[in-house]
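*Asks:* As a plain string of letters, each chain reads:
4 protein chains.
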Amino acid sequence: MSDTVSTLKLTHAGALKMLAAAVKKSEDMGVPQCIAIVDESANLLAFSRMDGAKVLSIETATAKARTAASSKGPTGKTPPHAENLMGLATGGRFTNLKGGLPVIVDGKCVGGIGVGSGTGDQDVEVANAALAAVKGAQTF
Amino acid sequence: MSDTVSTLKLTHAGALKMLAAAVKKSEDMGVPQCIAIVDESANLLAFSRMDGAKVLSIETATAKARTAASSKGPTGKTPPHAENLMGLATGGRFTNLKGGLPVIVDGKCVGGIGVGSGTGDQDVEVANAALAAVKGAQTF
Amino acid sequence: MSDTVSTLKLTHAGALKMLAAAVKKSEDMGVPQCIAIVDESANLLAFSRMDGAKVLSIETATAKARTAASSKGPTGKTPPHAENLMGLATGGRFTNLKGGLPVIVDGKCVGGIGVGSGTGDQDVEVANAALAAVKGAQTF
Amino acid sequence: MSDTVSTLKLTHAGALKMLAAAVKKSEDMGVPQCIAIVDESANLLAFSRMDGAKVLSIETATAKARTAASSKGPTGKTPPHAENLMGLATGGRFTNLKGGLPVIVDGKCVGGIGVGSGTGDQDVEVANAALAAVKGAQTF
Chain A
1 MSDTVSTLKL THAGALKMLA AAVKKSEDMG VPQCIAIVDE SANLLAFSRM
51 DGAKVLSIET ATAKARTAAS SKGPTGKTPP HAENLMGLAT GGRFTNLKGG
101 LPVIVDGKCV GGIGVGSGTG DQDVEVANAA LAAVKGAQTF
Chain B
1 MSDTVSTLKL THAGALKMLA AAVKKSEDMG VPQCIAIVDE SANLLAFSRM
51 DGAKVLSIET ATAKARTAAS SKGPTGKTPP HAENLMGLAT GGRFTNLKGG
101 LPVIVDGKCV GGIGVGSGTG DQDVEVANAA LAAVKGAQTF
Chain C
1 MSDTVSTLKL THAGALKMLA AAVKKSEDMG VPQCIAIVDE SANLLAFSRM
51 DGAKVLSIET ATAKARTAAS SKGPTGKTPP HAENLMGLAT GGRFTNLKGG
101 LPVIVDGKCV GGIGVGSGTG DQDVEVANAA LAAVKGAQTF
Chain D
1 MSDTVSTLKL THAGALKMLA AAVKKSEDMG VPQCIAIVDE SANLLAFSRM
51 DGAKVLSIET ATAKARTAAS SKGPTGKTPP HAENLMGLAT GGRFTNLKGG
101 LPVIVDGKCV GGIGVGSGTG DQDVEVANAA LAAVKGAQTF
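Chains as they are written, first to last, in the numbering used here: chain A, 1 to 140; chain B, 1 to 140; chain C, 1 to 140; chain D, 1 to 140.
Hints are supplied without guarantee of correctness; some may be wrong.
Stated by the list, open to error - Derived DSS-like pairs (lysine-lysine); straight-line CA-CA distance at most 27 angstroms:
1. A/LYS108 <-> B/LYS24
2. A/LYS108 <-> D/LYS108
3. A/LYS9 <-> D/LYS24
4. A/LYS17 <-> D/LYS108
5. D/LYS72 <-> A/LYS108
6. B/LYS108 <-> C/LYS9
7. B/LYS72 <-> C/LYS9
8. B/LYS17 <-> D/LYS17
9. B/LYS24 <-> D/LYS72
10. B/LYS24 <-> B/LYS135
11. C/LYS108 <-> B/LYS72
12. B/LYS17 <-> D/LYS77
13. C/LYS135 <-> B/LYS108
14. D/LYS135 <-> A/LYS9
15. D/LYS24 <-> C/LYS72
16. C/LYS108 <-> B/LYS135
17. A/LYS108 <-> D/LYS24
18. D/LYS24 <-> B/LYS24
19. C/LYS77 <-> D/LYS77
20. D/LYS24 <-> C/LYS108
21. B/LYS24 <-> D/LYS135
22. D/LYS108 <-> B/LYS17
23. C/LYS17 <-> B/LYS108
24. C/LYS108 <-> B/LYS17
25. D/LYS17 <-> A/LYS108
26. A/LYS108 <-> D/LYS135
27. A/LYS135 <-> D/LYS24
28. A/LYS77 <-> B/LYS77
29. D/LYS24 <-> B/LYS135
30. B/LYS17 <-> C/LYS9
31. C/LYS17 <-> B/LYS135
To be verified - Which residues of chain B face chain C? A partial, calculated answer using Cβ under 7 angstroms:
32. MET1
33. LEU8
34. LYS9
35. LEU10
36. THR11
37. GLY14
38. MET86
39. ASN128
Worth flagging that the hints you see were computed from the coordinates, not collected in a lab. Just so you know, even glycine gets a beta-carbon here, dropped at the ideal spot from N, CA and C.
For reference, chain A alone in the conformation it holds in the complex (with noise of 0.2 angstroms):
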């Protein structure tokens, strides 16, 4: 086996254009979001709070989005006798909250987005959005 392999990874450019693509779906959607974009190894791409969302959404955003990243699929799949343990075992890191999507490039995860401070589904719509900005970029 290989000391080192050549691997997919988000560009900042890529993320940024997320970010956009979800700020202007959220202004279309008329709810004030937080969102969140993570590379494969969970660490803060981009991020924006739009103005009147909640600020403890900057928390469980990030949190959907490493998530998300950290498992490669959307959040809210985990059985419910599992999901406090998770949190707990991470430090909140880890949120079963709806929101919070992988991004999957062909067939590679480079990162996740996650957006919270509306419902779960205006959550996943605007993670959605975001997602279908990113050329052959997975969405849900």
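For chain A, the structure is supplied; the task is to place chains B, C and D on it using the hints.
*Replies:* Positioned in the frame of chain A, the structure of chains B, C and D alone reads:
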């Protein structure tokens, strides 16, 4: 009662042997894992995050190892009404997620192993493979 | 190299004997103290906050005990340029404040004691009184 | 600018090879060490605490690895007036203690290694031995 007693301790050689066995088993299963091994005092002895394992499992695997070493038994056996309370009171160091097993040699707990990123059953299977590599260690 | 080795461990009886000796010495000196005793893994074994001892010394005494157990030597010997860096990198668990001594029996470090609330010299005097109560322990 | 770019990543095989080389070197030197290896995002990839290594060095070694990966250079080069400020602002994740080196392959930083429990120079020597085990990695 005497001021000091003789006790048994897991060596780094033993811990690295466990790590290698766990990585090998995970590769054979085709399931990348985070694997944490701690001593009887719940301090980290050895760790590997395999390619593609969930980044948030770094923390859950470590919490599983700490919990198994502390309780001297497999994780996942705490009654539901207590599991979140235990996680909260320990700042997330305790977890009831499956995948943590104690390292028991000659009836004495010398450490714990925690595996995370697969299903609970896959995690336990890898942890048991690691225990099988330690001379005289009990499996579960 | 074998998977496990035999080692020496401080008992709770030994730790409580140290605690009693330290409290007695502090009473004789007329200086109330916080006294923390940890095992070789820096986990708390015994503790007393005496009437009138400083509340924040709960933490400094514990950090002194942890540091002495970890470094297997008295606290206060780290070069000035490194002491803050060590404190920061360990989340405050390391400290270079005087008043921490290792518990060394038969040439083997089995724990540490930290005393805080007096002057550095008073703290060391109390710690040494505690060590003198342990069979075979080195004093400083 | 494109949304994603190709990049290089340290594998767990590469990280475990580094770990084995570092443990071997430490054994040859007769100085037990804590050794932490992180990826380019400062997340833990591999770890070993050797028998007799300082327990608080678990944290300092990890902070050194994170700092080297983040700054893409050896630790210990930050000007004195900034080193504590950096440690404070990062919650102790940054450290200027010597003993952290970046893993640079083909001019690209793919991770970091941190070694702690010896003197700064011993720590660097072990880190370099680990780097020498990685195909194409720069040493310092």
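*Asks:* Next, verify each hint and record whether it holds.
*Replies:* Hints and how they fare:
1. A/LYS108 <-> B/LYS24: holds, 24 angstroms
2. A/LYS108 <-> D/LYS108: holds, 21 angstroms
3. A/LYS9 <-> D/LYS24: The given pair, whose Cα atoms are some 34 angstroms apart, is violated under the 27 angstroms limit.
4. A/LYS17 <-> D/LYS108: holds, 25 angstroms
5. D/LYS72 <-> A/LYS108: holds, 26 angstroms
6. B/LYS108 <-> C/LYS9: holds, 14 angstroms
7. B/LYS72 <-> C/LYS9: holds, 18 angstroms
8. B/LYS17 <-> D/LYS17: holds, 14 angstroms
9. B/LYS24 <-> D/LYS72: violated, 31 angstroms
10. B/LYS24 <-> B/LYS135: Holds, at roughly 18 angstroms.
11. C/LYS108 <-> B/LYS72: holds, 25 angstroms
12. B/LYS17 <-> D/LYS77: violated, 36 angstroms
13. C/LYS135 <-> B/LYS108: holds, 25 angstroms
14. D/LYS135 <-> A/LYS9: The hint holds at about 22 angstroms.
15. D/LYS24 <-> C/LYS72: holds, 23 angstroms
16. C/LYS108 <-> B/LYS135: holds, 25 angstroms
17. A/LYS108 <-> D/LYS24: violated, 36 angstroms
18. D/LYS24 <-> B/LYS24: Roughly 21 angstroms separates the two Cα atoms, so the pair holds.
19. C/LYS77 <-> D/LYS77: Holds, at about 23 angstroms.
20. D/LYS24 <-> C/LYS108: holds, 24 angstroms
21. B/LYS24 <-> D/LYS135: Holds. B/LYS24 to D/LYS135 sits at ~22 angstroms (cutoff 27 angstroms).
22. D/LYS108 <-> B/LYS17: violated, 31 angstroms
23. C/LYS17 <-> B/LYS108: holds, 25 angstroms
24. C/LYS108 <-> B/LYS17: This hinted pair holds, its Cα atoms lying about 26 angstroms apart.
25. D/LYS17 <-> A/LYS108: Given pair D/LYS17, A/LYS108 holds - Cα atoms ~26 angstroms apart, limit 27 angstroms.
26. A/LYS108 <-> D/LYS135: Roughly 25 angstroms between the alpha carbons, so the hint for A/LYS108 and D/LYS135 holds.
27. A/LYS135 <-> D/LYS24: This hinted pair is violated, its Cα atoms lying about 46 angstroms apart.
28. A/LYS77 <-> B/LYS77: holds, 23 angstroms
29. D/LYS24 <-> B/LYS135: holds, 22 angstroms
30. B/LYS17 <-> C/LYS9: Given that 27 angstroms is the threshold and the Cα spacing comes to 25 angstroms, the pair holds.
31. C/LYS17 <-> B/LYS135: Roughly 36 angstroms separates the two Cα atoms, so the pair is violated.
32. MET1: Cβ of B/MET1 sits 4 angstroms from chain C, so the hint holds.
33. LEU8: Since chain C brings a Cβ to about 5 angstroms from B/LEU8, closer than 7 angstroms, the hint holds.
34. LYS9: holds, 4 angstroms
35. LEU10: Holds. Min distance 6 angstroms.
36. THR11: holds, 6 angstroms
37. GLY14: holds, 3 angstroms
38. MET86: Since the shortest Cβ distance to chain C is 17 angstroms, the answer is violated.
39. ASN128: violated, 16 angstroms
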